[in-house]
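There are 2 protein chains.
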Amino acid sequence: MGYRERSWWGWGHADEALDDAACRRLAERALRPWLPIDGSVIPPPPDPLLPAPRLTPPPALAETFLGDSMSRASHAYGKAFRDVVRALHGDLPNPPDLVCRPRSEPDVVAALDWAEAAGAAVVPYGGGSSVVGGVEYRGEGPWVCLDLSRLSRIAEVDDVNRVVRVQAGVFGPALEAALEPHGLTLRHFPQSFEFSTVGGWLATRSGGHFATGPTRIDNFVEALRVVTPRGPVESPRVPASGAGPDANALFLGSEGALGVIVEAWLRVQRKPAARAKATIAFPGYSQSLAATRELVQSGLRPTNCRLLDPMEAMLNAGATDGRARLMLGFEGPDAVHLPAALEIVRAHGGVEIPRPPGSFREAFFRLPYTRDALVRLGLVVETVETACRWSRFEALHAAVLAAAQSAAPAGVAVVTCRFTHVYPDGPAPYFTIVTPGRRGAEVPIWDGIKAAVSDAIAANGGTITHHHAVGRDHRPWYDEEHSPLLRATLRAAKRTLDPGGILNPGVLV
Amino acid sequence: MGYRERSWWGWGHADEALDDAACRRLAERALRPWLPIDGSVIPPPPDPLLPAPRLTPPPALAETFLGDSMSRASHAYGKAFRDVVRALHGDLPNPPDLVCRPRSEPDVVAALDWAEAAGAAVVPYGGGSSVVGGVEYRGEGPWVCLDLSRLSRIAEVDDVNRVVRVQAGVFGPALEAALEPHGLTLRHFPQSFEFSTVGGWLATRSGGHFATGPTRIDNFVEALRVVTPRGPVESPRVPASGAGPDANALFLGSEGALGVIVEAWLRVQRKPAARAKATIAFPGYSQSLAATRELVQSGLRPTNCRLLDPMEAMLNAGATDGRARLMLGFEGPDAVHLPAALEIVRAHGGVEIPRPPGSFREAFFRLPYTRDALVRLGLVVETVETACRWSRFEALHAAVLAAAQSAAPAGVAVVTCRFTHVYPDGPAPYFTIVTPGRRGAEVPIWDGIKAAVSDAIAANGGTITHHHAVGRDHRPWYDEEHSPLLRATLRAAKRTLDPGGILNPGVLV
Numbered sequence: 001m002g003y004r005e006r007s008w009w010g011w012g013h014a015d016e017a018l019d020d021a022a023c024r025r026l027a028e029r030a031l032r033p034w035l036p037i038d039g040s041v042i043p044p045p046p047d048p049l050l051p052a053p054r055l056t057p058p059p060a061l062a063e064t065f066l067g068d069s070m071s072r073a074s075h076a077y078g079k080a081f082r083d084v085v086r087a088l089h090g091d092l093p094n095p096p097d098l099v100c101r102p103r104s105e106p107d108v109v110a111a112l113d114w115a116e117a118a119g120a121a122v123v124p125y126g127g128g129s130s131v132v133g134g135v136e137y138r139g140e141g142p143w144v145c146l147d148l149s150r151l152s153r154i155a156e157v158d159d160v161n162r163v164v165r166v167q168a169g170v171f172g173p174a175l176e177a178a179l180e181p182h183g184l185t186l187r188h189f190p191q192s193f194e195f196s197t198v199g200g201w202l203a204t205r206s207g208g209h210f211a212t213g214p215t216r217i218d219n220f221v222e223a224l225r226v227v228t229p230r231g232p233v234e235s236p237r238v239p240a241s242g243a244g245p246d247a248n249a250l251f252l253g254s255e256g257a258l259g260v261i262v263e264a265w266l267r268v269q270r271k272p273a274a275r276a277k278a279t280i281a282f283p284g285y286s287q288s289l290a291a292t293r294e295l296v297q298s299g300l301r302p303t304n305c306r307l308l309d310p311m312e313a314m315l316n317a318g319a320t321d322g323r324a325r326l327m328l329g330f331e332g333p334d335a336v337h338l339p340a341a342l343e344i345v346r347a348h349g350g351v352e353i354p355r356p357p358g359s360f361r362e363a364f365f366r367l368p369y370t371r372d373a374l375v376r377l378g379l380v381v382e383t384v385e386t387a388c389r390w391s392r393f394e395a396l397h398a399a400v401l402a403a404a405q406s407a408a409p410a411g412v413a414v415v416t417c418r419f420t421h422v423y424p425d426g427p428a429p430y431f432t433i434v435t436p437g438r439r440g441a442e443v444p445i446w447d448g449i450k451a452a453v454s455d456a457i458a459a460n461g462g463t464i465t466h467h468h469a470v471g472r473d474h475r476p477w478y479d480e481e482h483s484p485l486l487r488a489t490l491r492a493a494k495r496t497l498d499p500g501g502i503l504n505p506g507v508l509v
Numbered sequence: 001m002g003y004r005e006r007s008w009w010g011w012g013h014a015d016e017a018l019d020d021a022a023c024r025r026l027a028e029r030a031l032r033p034w035l036p037i038d039g040s041v042i043p044p045p046p047d048p049l050l051p052a053p054r055l056t057p058p059p060a061l062a063e064t065f066l067g068d069s070m071s072r073a074s075h076a077y078g079k080a081f082r083d084v085v086r087a088l089h090g091d092l093p094n095p096p097d098l099v100c101r102p103r104s105e106p107d108v109v110a111a112l113d114w115a116e117a118a119g120a121a122v123v124p125y126g127g128g129s130s131v132v133g134g135v136e137y138r139g140e141g142p143w144v145c146l147d148l149s150r151l152s153r154i155a156e157v158d159d160v161n162r163v164v165r166v167q168a169g170v171f172g173p174a175l176e177a178a179l180e181p182h183g184l185t186l187r188h189f190p191q192s193f194e195f196s197t198v199g200g201w202l203a204t205r206s207g208g209h210f211a212t213g214p215t216r217i218d219n220f221v222e223a224l225r226v227v228t229p230r231g232p233v234e235s236p237r238v239p240a241s242g243a244g245p246d247a248n249a250l251f252l253g254s255e256g257a258l259g260v261i262v263e264a265w266l267r268v269q270r271k272p273a274a275r276a277k278a279t280i281a282f283p284g285y286s287q288s289l290a291a292t293r294e295l296v297q298s299g300l301r302p303t304n305c306r307l308l309d310p311m312e313a314m315l316n317a318g319a320t321d322g323r324a325r326l327m328l329g330f331e332g333p334d335a336v337h338l339p340a341a342l343e344i345v346r347a348h349g350g351v352e353i354p355r356p357p358g359s360f361r362e363a364f365f366r367l368p369y370t371r372d373a374l375v376r377l378g379l380v381v382e383t384v385e386t387a388c389r390w391s392r393f394e395a396l397h398a399a400v401l402a403a404a405q406s407a408a409p410a411g412v413a414v415v416t417c418r419f420t421h422v423y424p425d426g427p428a429p430y431f432t433i434v435t436p437g438r439r440g441a442e443v444p445i446w447d448g449i450k451a452a453v454s455d456a457i458a459a460n461g462g463t464i465t466h467h468h469a470v471g472r473d474h475r476p477w478y479d480e481e482h483s484p485l486l487r488a489t490l491r492a493a494k495r496t497l498d499p500g501g502i503l504n505p506g507v508l509v
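Each protein sequence line maps, in turn, to chains U and P. When the first sequence is numbered by the UniProt record's numbering, its final residue is 509 and no position is left out of the sequence of numbers. When the second sequence is numbered by the UniProt record's numbering, its final residue is 509 and no position is left out of the sequence of numbers.
Hints in this document: simulated from the structure, not taken from any laboratory. Possibly wrong hints are sitting among the right ones.
One copy or two, either will do: identical chains are not told apart, so a pair holds if it fits within one copy or between any two.
[Unchecked claim] Here are the simulated SDA-like pairs of lysine to any residue, each with C-alpha atoms no more than 20 Å apart in a straight line:
no.	residue 1	residue 2
1	Lys271	Ser298
2	Lys271	Gly318
3	Lys271	Pro214
4	Lys271	Gly299
5	Lys271	Trp8
6	Lys277	Gly299
7	Lys271	Arg495
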């Protein structure tokens with residue numbers, strides 16, 4: 001594979017972005033029926049030219065620092081809607097002064113030492129795919145983006161213990177490529193897979209592609225190694241321990257605020273051989289919810305249990321009957337359980353129908369490119385996700401739809417919902433919201449919708465995030481969701497590990 | 001069920017303890033062939049008479065306090081070998097000054113407030129089944145045992161969300177009895193099940209009876225409510241969240257040192273209908289290990305995967321052929337996977353043999369009574385457990401056997417090993433050690449063996465505890481196992497929640 005340029009402002013590889021003509025085709029074919037858009041396309045931004053950095057790299061680490069405008073601009077934001085639209089408009093008021101790309105753990109240590117002495121904030125950065133403002137510093141003083149992508153070594157693939165020792169900067173495809181010759185896989189496939197790193201997954205407790213069972217990155221962690229401003233922390237490399245609070249739990253979800261995850265020991269597995277899939281249509285949404293609940297409470301473990309509400313089914317699975325769809329799948333030894341699952345769904349009026357053409361998984365990984373095209377077409381387009389108990393879900397679903405509609409200034413928003421994960425006690429619904437924007441006002445429009453929707457989620461028993469992390473955008477609701485005393489213990493941990501408060505200030509604590 | 005008296009010095013119900021004659025029969029039939037014992041039986045201790053308490057209960061809470069010798073003596077220790085033998089000898093130098101039995105959460109709050117003002121240490125106590133010195137205060141000043149068994153309300157059995165809301169003092173059988181009419185079960189069965197509480201399970205991250213899948217109490221926790229000296233902490237009642245570090249993780253395994261768990265929301269399930277079991281003999285221990293490893297790495301999930309080493313197979317499964325035994329079981333939808341599992345074990349030379357007579361589970365729950373009889377027969381008898389990677393296990397097994405043998409002053413110790421839990425990256429071996437004691441020197445004899453064995457475990461990549469918790473007995477190895485900085489964050493959490501340091505001093509931090 002030759003080198004392919006990454007987009008500095010949008011998702012993924014620059015050469016995979018939709019060009020102007022493709023954007024216009026998308027508008028004509030897919031959007032006009034639903035949304036009032038004029039079909040004009042915001043041009044891609046010119047190369048950025050930023051003011052000079054306020055920091056000078058230390059000579060000993062000069063080789064690891066970048067200070068050019070393109071490097072700094074491409075590390076200024078994550079990849080949320082509000083990031084892409086701001087970059088598209090050249091709106092980059094607070095880019096990193098420097099980008100540091102350590103080659104080794106000692107480089108990380110040296111960079112933190114230097115930053116603490118220099119009074120610079122440090123924002124750890126994996127693939128930069130945050131959609132919650134996790135990698136965007138919003139404070140005053142100078143800051144450094146600590147891009148960990150050169151920590152890319154896979155030191156050991158241990159087939160006896162089914163463990164891989166991997167540095168934090170390894171991207172999804174590189175990890176799977178290293179495991180493939182051993183017949184192994186991590187089986188962790190977040191939507192950002194191609195452009196996110198092991199360290200980013202761990203720091204944000206990333207959710208995988210599978211609906212049940214081991215899918216969140218937490219499930220695959222045996223041990224971690226973390227560099228903090230006060231020294232290293234490493235957890236024991238044992239399959240399980242009951243010795244005190246879980247030794248990995250403080251850093252899983254620490255979002256760069258407590259330390260820099262530099263290495264992990266992750267559990268890998270053989271690729272499952274068998275697979276069994278089905279698509280089910282239901283007479284109504286309530287029946288589909290009851291069926292999905294019974295299915296996940298039955299002790300069966302579908303790898304895929306993606307319930308699409310009628311709007312999502314129409315837009316993303318071509319369902320013209322206005323009915324919900326359940327995309328069901330089992331893998332490995334569990335493939336034998338599909339008939340038992342179908343028996344459950346049939347009891348709730350579910351009917352097996354032909355599978356829609358095309359690969360969801362392929363479309364899933366391409367969606368962010370389409371999103372960028374929609375942004376260029378002037379739409380406000382973003383996703384919101386949560387998890388709640390089954391008994392709260394119908395009210396939460398209705399409240400999110402109502403909140404998005406009434407907060408959309410155009411008075412019209414397309415809101416769709418699917419389940420990404422399901423648990424015995426409740427689903428993890430994932431909403432996509434699309435509404436026309438107003439050139440230059442896209443960010444406040446989205447922020448208004450986001451606030452209304454987040455309030456609706458909180459009021460209906462949902463968490464502010466099931467797998468997108470907290471970052472800066474979710475802070476107000478995160479702070480409400482957790483007991484003040486629990487948050488005080490996090491602040492105490494932060495003071496212990498990062499007394500200078502240099503690590504990702506504004507995130508979590 | 002009428003009231004049955006609990007033994008104040010030994011395990012469980014007083015009327016189930018083996019009497020002198022039964023102890024002698026046990027010696028003749030089961031022990032003489034293996035161990036040099038003289039057959040004399042230590043008499044049960046007389047009722048204790050303790051010096052007056054150094055504390056006076058606050059009048060407002062007088063109804064919740066007990067100060068009589070029997071109440072205090074029965075709360076002085078847990079139920080480890082060293083606890084039972086000391087109580088048997090009337091060796092109770094540091095019993096609680098008072099036992100407090102709060103009726104409600106406000107009582108817990110008031111008790112903590114009073115204790116902090118009175119300068120008394122507080123040791124939270126569930127069923128008192130600790131085997132690691134978790135409920136035995138070893139400091140100087142006065143102390144109160146906070147017995148939570150009156151927090152025994154099961155407020156809600158929620159069949160829609162499959163969640164039960166339960167107070168911390170509920171014992172295993174009471175919880176299952178409340179769930180049974182709903183066709184539900186928690187499916188968490190530690191060996192202490194009958195005499196341990198929900199709060200104790202949570203505070204010690206108790207391990208259940210099943211070998212794989214959801215079995216540790218952590219797996220069943222949706223949310224917790226904890227009273228700390230600085231106020232309450234409650235985690236969100238959602239099926240899953242990626243918002244920051246896991247909100248339950250700080251208190252799971254906190255062993256009463258960070259707060260008093262008063263209530264929990266636990267995930268329950270339907271009782272599995274199907275079951276499939278098999279017993280397998282192997283030509284050698286190495287083959288049995290390879291088979292077990294492949295089995296657990298295959299993606300099959302046996303509920304039971306108890307590999308007995310040849311000594312354990314001989315003593316506890318009547319195996320006279322000197323070969324290892326694997327007790328294998330699948331439940332629920334997974335029952336169909338037994339043939340696939342047998343195919344794997346056969347490839348390693350495993351042969352299915354008739355199942356030994358009797359119920360392991362029944363014997364398992366009765367073992368602690370037998371243990372008490374062995375103590376009265378003058379034996380040193382205790383268990384040690386850990387978890388390590390597969391690649392470390394054979395050396396760890398050999399090292400534990402050698403360490404126990406060479407530390408046993410009689411020069412002879414019976415050491416057996418079985419797996420209680422198995423993970424893709426390694427097993428959780430559980431060792432039973434029996435050796436002749438010397439009247440009055442039992443505790444130092446065991447402490448010497450324990451130290452040697454724990455050193456052997458640590459040197460061979462094992463954790464100091466897979467599911468018995470840290471307590472006071474495991475502290476030196478726990479402190480070595482974890483990074484000093486991680487331990488500093490625990491101390492910081494402790495200072496935040498319990499600045500007076502009244503909660504279970506000496507445990508964890």
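Hints violated by the structure (numbers, ascending): Structure breaks hints 2, 5, 7.
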